[in-house]
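Chemist: Protein chains in written order, with this note's numbering: chain A, -5 to 107; chain B, 90 to 203.
Every clue listed holds true.
Restraint-style ranges between C-beta atoms, simulated for each label pair:
no., chain 1, residue 1, chain 2, residue 2, range
1, B, Gln173, A, Gly72, 40 to 50 Å
2, B, Thr203, A, Thr22, 37 to 47 Å
3, B, Lys160, A, Ser8, 49 to 59 Å
4, B, Thr127, A, Lys62, 25 to 35 Å
5, A, Ala47, B, Gln169, 43 to 53 Å
6, A, Gly72, B, Glu141, 43 to 53 Å
7, B, Glu145, A, Pro107, 41 to 51 Å
8, B, Glu191, A, Lys62, 21 to 31 Å
9, B, Gly92, A, Glu9, 20 to 30 Å
10, A, Gly23, B, Asn107, 32 to 42 Å
11, B, Arg199, A, Glu2, 19 to 29 Å
12, B, Gly187, A, Lys62, 23 to 33 Å
Residues from chain A that keep clear of chain B, each with C-beta distances beyond 10 Å, as calculated:
no., residue
13, Leu13
14, Thr18
15, Phe56
16, His106
17, Pro107
Facing chain A, according to a computed beta carbon distance under 8 Å, are these residues of chain B, among others:
no., residue
18, Val93
19, Gly129
20, Gln130
21, Gly131
22, Tyr137
23, Glu145
24, Leu180
25, Arg189
26, Gly195
The set of hints was computed from the structure by calculation and includes no laboratory data. Bear in mind the structure is a predicted one, so any value in this text is a computation, not a measurement. Glycine included, every Cβ here is placed at the ideal spot set by N, Cα and C.
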Amino acid sequence: GNSVTQMEGPVTLSEEAFLTINCTYTATGYPSLFWYVQYPGEGLQLLLKATKADDKGSNKGFEATYRKETTSFHLEKGSVQVSDSAVYFCALRSSGGSYIPTFGRGTSLIVHP
Amino acid sequence: DTGVSQDPRHKITKRGQNVTFRCDPISEHNRLYWYRQTLGQGPEFLTYFQNEAQLEKSRLLSDRFSAERPKGSFSTLEIQRTEQGDSAMYLCASSSIGARDEQYFGPGTRLTVT
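Just chain B, same shape as in the assembly:
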């Protein structure tokens, strides 16, 4: 069990560019979650998958955001036409159906939009 990993750990981009983040969950976990965390705030839910199906999306997930989990393993989160307000830490977590309250978090990807 290597834990949840996220790549990259840091990303600096110019406004208007597209960015993509990757999350590799714990291998036997079939639920995967994305959160956004801004400075001084707790994580805010964005979306989650059960296997490859995206089951819920937050109102925070604007049309510029898209997430995929094509084979029910790793997931990607893409932000198109980035804005300065997108600067935040993007967290990924995973859990198993049998222990849905036990979410294991990755270290996050810090996005800075200049």
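If we strip away everything but chain A, and leave its shape as in the complex, we get:
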């Protein structure tokens, strides 16, 4: 079945540092890939997505590239801010079917001033 593996957190960075959160997946066919963010006390929000190999999703300075050869979708940001502190979830959705995503365990990001 489908599965998503994320690096364990917390990831602790200083403001303006470079961020990478690793995500790899197992799925049949050609899934769509997503990153969600959950700020403290709030619901999950879709951050970015990519629907086919080599697509790059981007939003709010975050980027992730769909790498089919390495089954990866790593999240990156060039310069993090304190306001980026949150939990980040990688997810996939199989092509076709019911549009139900499979989520990873989440990676907590803490950014210090």
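With chain A fixed as given, assemble chain B onto it according to the hints.
Modeler: Relative to chain A, chain B alone:
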């Protein structure tokens, strides 16, 4: 657009009691989803509705769980005879058919079974 709302935000109950949670989706969204999230895990799918029809249920949804969406608007999730293992965050999300990948999540209901 007021977003997805859930009520209550927190619920503490004794083992064996029944609990009911409510979700109000974004008004024009016809798909509604329920997930369960335990500490240190990502959301796990429970069930979803398209309008008032319940189209899919996860194996996680035991016979003690039931969900309804009677008029295709708000939804309720009931857990009967709660067990300590039911302690979790219960998340609701909604989406429109035209943008099924764009799920909007509510803040969740945290259930603690003592």
